[in-house]
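**Q** Take a look at the letters that make up each chain.
2 protein chains.
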Amino acid sequence: MARYCFLGHVDPANLEEYRARHAEVWPELLVALRDADWRNYSLFLRPDGLLIGYAESDDLDAAQRRVAETAVNARWQAEMARLFGTEGAPDEAWEFVPEVFNLEVQLERAGEAVLSVR
Amino acid sequence: MARYCFLGHVDPANLEEYRARHAEVWPELLVALRDADWRNYSLFLRPDGLLIGYAESDDLDAAQRRVAETAVNARWQAEMARLFGTEGAPDEAWEFVPEVFNLEVQLERAGEAVLSVR
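Each protein sequence line maps, in turn, to chains U and B.
Residues 1 to 118, numbered by our numbering, are exactly what the first sequence covers, in order.
Residues 119 to 236, numbered by our numbering, are exactly what the second sequence covers, in order.
The reader is advised that the hints may include incorrect statements.
[To be verified] Listed next, with one range per pair, are the computed distances between beta-carbon atoms:
1) Pro-47/U with Gly-203/B: 12 to 22 angstroms
2) Ala-207/B with Ala-74/U: 42 to 52 angstroms
3) Ala-89/U with Ser-234/B: 16 to 26 angstroms
[Claimed, not checked] Derived coverage of chain B by chain U (criterion: at least 3 residues anywhere in the stretch with Cβ under 8 angstroms from a Cβ of chain U; other residues may be distant):
4) 148-159
5) 194-203
I should point out that these hints are in silico values taken from the structure, not numbers from a laboratory.
Where a beta carbon is used, it is the ideal one built from N, C-alpha and C, also for glycine.
Kindly generate the complete structure, drawing on both the sequences and the hints.
**A** Right, here's the structure in full:
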């Protein structure tokens with residue numbers, strides 16, 4: 001399992017609509033993401049429109065290809081595209097940011113218990 | 119448990135040193151973070167110095183107060199401070215970004231299994 005961080009840009013004029021839509025994502029899309037191996041997927045939105053994604057997957061490229069093949073994802077991305085400040089499908093414009101630290105990985109490497117023993 | 123995203127700014131002149139130091143964080147600090155209830159804590163670094171943190175905790179404010187009380191954190195922050203583009207202790211200058219979506223939370227709410235049943 002690997003951890004991924006990626007950035008996008010929501011048009012600042014559309015922040016409220018973006019929040020409202022993402023507070024109630026279609027269950028069919030949630031299931032498609034889950035079955036494509038998107039795990040622990042969160043989105044964070046800064047008031048200027050910077051959108052930060054975090055997800056875990058064995059291979060997020062492969063997971064993204066699988067979800068991109070679903071009809072529900074095509075419908076969702078088409079509805080979301082106009083909320084973004086970028087061209088094309090929002091999920092094809094992610095900027096990935098490399099990981100430089102993970103607590104649990106380094107605890108394991110150091111021979112320490114990953115969970116607190118307090 | 120809640121999920122948190124926060125931003126900082128590493129001085130672009132110090133990216134290599136920042137990466138090298140965070141590839142081998144002191145085990146004593148790893149344990150202090152774990153015992154303060156920092157969980158699944160990752161850092162991601164963009165080539166322009168934008169630093170993105172992700173962590174899980176029951177209460178990250180409380181977790182941060184606990185780790186800030188440790189001598190090892192004070193030593194670490196003092197060594198890291200000059201790598202950042204901001205004044206003061208880096209861990210006191212985080213900009214938190216609100217979560218707008220989590221896959222598992224919405225799967226549960228929709229009555230769907232959180233793990234794939236494929």
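**Q** Now tell me if each hint is right for this structure.
**A** Hint-by-hint comparison with the structure:
no.	hint	result
1	Pro-47/U with Gly-203/B: 12 to 22 angstroms	holds, 21 angstroms
2	Ala-207/B with Ala-74/U: 42 to 52 angstroms	holds, 47 angstroms
3	Ala-89/U with Ser-234/B: 16 to 26 angstroms	holds, 23 angstroms
4	148-159	holds (count 10)
5	194-203	violated (count 0)
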